[in-house]
Amino acid sequence: GAVVSQHPSRVICKSGTSVKIECRSLDFQATTMFWYRQFPKQSLMLMATSNEGSKATYEQGVEKDKFLINHASLTLSTLTVTSAHPEDSSFYICSARGEGGGYEQYFGPGTRLTVT
Amino acid sequence: GEDVEQSLFLSVREGDSSVINCTYTDSSSTYLYWYKQEPGAGLQLLTYIFSNMDMKQDQRLTVLLNKKDKHLSLRIADTQTGDSAIYFCAEDQGGKLIFGQGTELSVKP
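Sequence lines, in order, name chains Y and L.
With the working numbering, you'll find the first sequence wraps up at 117, consecutive numbering, no jumps.
With the working numbering, you'll find the second sequence wraps up at 95, consecutive numbering, no jumps.
There could be a bad hint or two in this list.
What the hints assert, rightly or not - Straight line, CA to CA, 20 angstroms or less: simulated EDC-like cross-link-like pairs of lysine to aspartate or glutamate:
1) K82/L with E88/Y
2) K42/L with D64/L
3) K22/L with E90/L
4) K94/L with E0/L
5) K82/L with E64/Y
6) K42/Y with D(-11)/L
7) K22/L with E60/Y
8) K42/L with E105/Y
9) K42/Y with E90/L
10) K21/Y with D89/Y
11) K94/L with D2/L
12) K54/L with D2/L
13) K22/L with D2/L
14) K54/L with D(-11)/L
15) K42/Y with E24/L
16) K82/L with E60/Y
17) K42/Y with E(-9)/L
18) K56/L with E53/Y
19) K42/Y with E0/L
20) K22/L with D69/L
Don't read these hints as lab results, they were simulated from the structure.
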């Protein structure tokens, strides 16, 4: 099946710094990628949808200036958490949908962000 | 928006069947999904069902869909300890997945 990777798998950063998380589709081209946030023992919350070559669409309540999303190629999307605060600590998961616009989303393994 | 609802916990003995229930919200959802998440990991698609189907069976997994009641269930036959995980149902709303809260399945030997 299609494989999606994320890097890094874990990151610890200090308050006020920025951190970038990469999401890559390894064996298919992803026209659409999604970024989710998951708190412990809770569901996934969709943060934004990104389409290759265009601006991301953010869900209500998600600050676009804080969570910068770039989908520069058909295999790579990045999420940058700017000026991170401890409340940004969470599990961030990306998913990707292939070129055919099919129904299936393939999920990455997630990135655990801890802001100290 | 409205929530996709799941019970939070289910405990079964190894070898028994597990049934995880979900109530979704959007009657126009084309596909409904079941995902599995193991600790510290991403989501693995287990199975999905198209909205014009009532049932889908895939090895140990059986999905039942009641569109009238907007009710979806996942039955795992002969549950094993390796099935212990959190199971999420999700509905497709205009290309976006809306997830339930997840059901934590605990399988006791």
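Below or equal to 20 angstroms on CA atoms is what counts here, so check K94/L against E0/L.
-> Roughly 6 angstroms separates the two Cα atoms, so the pair holds.
Take a quick look at whether K22/L and D69/L sit within 20 angstroms of each other, Cα to Cα.
-> Holds, at roughly 9 angstroms.
20 angstroms Cα cutoff - pair K42/Y, E(-9)/L | Holds - the C-alpha atoms of E(-9)/L and K42/Y are around 15 angstroms apart, at most 20 angstroms.
Hinted pair K42/L and E105/Y, Cα distance within 20 angstroms | Distance ~17 angstroms between K42/L and E105/Y Cα, so the pair holds.
20 angstroms limit on alpha-carbon distance, applied to hinted pair K42/Y and E0/L = This hinted pair is violated, its Cα atoms lying about 23 angstroms apart.
Does D2/L lie within 20 angstroms of K94/L when you go C-alpha to C-alpha?
-> It holds: about 10 angstroms lies between the C-alpha atoms, which stays within 20 angstroms.
Does the alpha-carbon distance linking K82/L and E88/Y stay inside the 20 angstroms limit?
-> The given pair, whose Cα atoms are some 25 angstroms apart, is violated under the 20 angstroms limit.
For the pair we were handed, K82/L and E60/Y, check the Cα-Cα distance against 20 angstroms.
-> Measuring from Cα to Cα gives roughly 11 angstroms; hence the hint holds.
Hint consistency between K22/L and E90/L [alpha-carbon to alpha-carbon, up to 20 angstroms] | holds (10 angstroms)
Taking only the CA atoms, is the gap from K22/L to E60/Y under or equal to 20 angstroms?
-> violated (24 angstroms)
Quickly compare the C-alpha distance for K54/L and D2/L to 20 angstroms and report which way the hint goes.
-> violated (29 angstroms)
With a cut-off of 20 angstroms on the C-alpha distance, tell me whether K82/L and E64/Y pass.
-> holds (19 angstroms)
Of the hints listed earlier, those the structure fails to meet are numbers 1, 7, 12, 18 and 19, in rising order.
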